[in-house]
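Colleague: Residue numbers (our numbering), protein chains in the order written: chain A, 92 to 229; chain B, 92 to 229; chain C, 92 to 229.
Rather than coming from a laboratory, the hints here were simulated on the basis of the structure. Treat the hints with care, as some may be off.
Stated by the list, open to error - If you anchor each label on the Cβ, the simulated ranges turn out as follows:
1) C:E118 <-> B:K104: 44 to 50 Å
2) A:A152 <-> C:D177: 19 to 25 Å
3) C:R219 <-> A:P205: 20 to 26 Å
4) B:D156 <-> A:E117: 26 to 32 Å
5) C:V167 <-> B:K104: 28 to 34 Å
6) C:G124 <-> A:E165: 24 to 30 Å
7) A:G124 <-> C:D177: 30 to 36 Å
8) C:R219 <-> A:E117: 32 to 38 Å
Said to hold, decoys possible - Quick list of in silico lysine-lysine cross-link-like pairs, DSBU-like style, CA-CA up to 30 Å:
9) B:K115 <-> A:K126
10) B:K160 <-> B:K104
11) C:K160 <-> B:K200
12) B:K93 <-> A:K126
13) A:K200 <-> B:K160
14) A:K126 <-> B:K160
Built from N, CA and C at the ideal position, the CB exists for glycine as well.
Each chain is listed here by its residues.
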Amino acid sequence: MKSFTRELWFETKKRYELIDITGKVEEALAASGIKEGLLLCNAMHITASVFVNDDERGLHADFLDWLEKVAPHEPVSSYRHNVGEDNADAHIKRQIFGREVVIAITAGKLHFGPWERVFYGEFDGRRRKRVLVKIIGE
Amino acid sequence: MKSFTRELWFETKKRYELIDITGKVEEALAASGIKEGLLLCNAMHITASVFVNDDERGLHADFLDWLEKVAPHEPVSSYRHNVGEDNADAHIKRQIFGREVVIAITAGKLHFGPWERVFYGEFDGRRRKRVLVKIIGE
Amino acid sequence: MKSFTRELWFETKKRYELIDITGKVEEALAASGIKEGLLLCNAMHITASVFVNDDERGLHADFLDWLEKVAPHEPVSSYRHNVGEDNADAHIKRQIFGREVVIAITAGKLHFGPWERVFYGEFDGRRRKRVLVKIIGE
Chain A
92 MKSFTRELWF ETKKRYELID ITGKVEEALA ASGIKEGLLL CNAMHITASV FVNDDERGLH
152 ADFLDWLEKV APHEPVSSYR HNVGEDNADA HIKRQIFGRE VVIAITAGKL HFGPWERVFY
212 GEFDGRRRKR VLVKIIGE
Chain B
92 MKSFTRELWF ETKKRYELID ITGKVEEALA ASGIKEGLLL CNAMHITASV FVNDDERGLH
152 ADFLDWLEKV APHEPVSSYR HNVGEDNADA HIKRQIFGRE VVIAITAGKL HFGPWERVFY
212 GEFDGRRRKR VLVKIIGE
Chain C
92 MKSFTRELWF ETKKRYELID ITGKVEEALA ASGIKEGLLL CNAMHITASV FVNDDERGLH
152 ADFLDWLEKV APHEPVSSYR HNVGEDNADA HIKRQIFGRE VVIAITAGKL HFGPWERVFY
212 GEFDGRRRKR VLVKIIGE
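Next comes chain A alone, as it looks inside the complex (with noise of 0.2 Å):
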């Protein structure tokens, strides 16, 4: 069995940015030589997802409306958490999108259907943050 890890780093500039990471899942299978396994990719912060979805500008804006309606930013004093935080929503947003997902990997690729493409979620922006890739297999 082989295995392989790497650490992805973002800075966002805004609060709320889903930023196409597929390319970069892509180099690290490349790197890691693993033909037949499994590839985990998590937020490796608690207020960030990493999800599957579609690249498309239109499905990106719904999805953070919808995620303001259900748990919106404001008012600030509204979470017991936010006492010197602001950011109780972007834990919730998180738990909503998801921590984590896991791919298969065949003949080299992601196995991936149609039109499914490696999103990294931030919902609390504006520093550096981090993605972790771990594949295991042969």
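Fit chains B and C to the given chain A structure using the hints.
Modeller: Showing chains B and C alone in chain A's frame:
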């Protein structure tokens, strides 16, 4: 380390369906010959989910009612994704219910608690869709 | 490839509880002797979650308040599952917060970011429940 890969195909009749796929996942596991390891089961489409819950008709109706309440299909025009599309809500429903499950394999079986069953959740059906089963172990 | 399996038992006193199980997961990892691989930790019951987030009391109160707002327990009769049951909301809460986490194992440790902790989220407690830890690697 062994690995095993199988794609399952579904043709749903309705826009929304929750289909018990536990038997098909168990068939893939038996075919793999793997006794100890991890099994990944994921939707290969971005408007569908794979999840673990109870096989109870009333609960499934509650799931679909609840998803419709928090991420309604109508009005279709309320979503920016819906330009030539009408499935933005299905992308959001899939984000809530998740893309995938990872299941432990112990002694050649799905290592499940008493009521755990695997479901394919379709939120934009009436066409052919795929689910992936990937198993690694020994 | 090595594999390791351990079930953890919990008896919760309240209907809803969020319990930090990071120490128990680390004990299982140490017992496994596995240095590189993947660790799956999942609820074995379908009204409970395992998730990764922050160990902060105010945030946990926010999580439970928010889940109650979006998927309320009352009125019990509003759910079709609740015929001889009263836990349909707990199934929905679990769907939102997820069944499982997959954690990278690197150099014999949970490969975590600065604030990541593992929690068992109970939404229909006051009886014995199980969490599974499965580790594969080398």
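Colleague: Checking each numbered hint in turn, tell me which of them this model violates, lowest number first.
Modeller: 2, 3, 4, 6, 7, 8, 11, 13, 14
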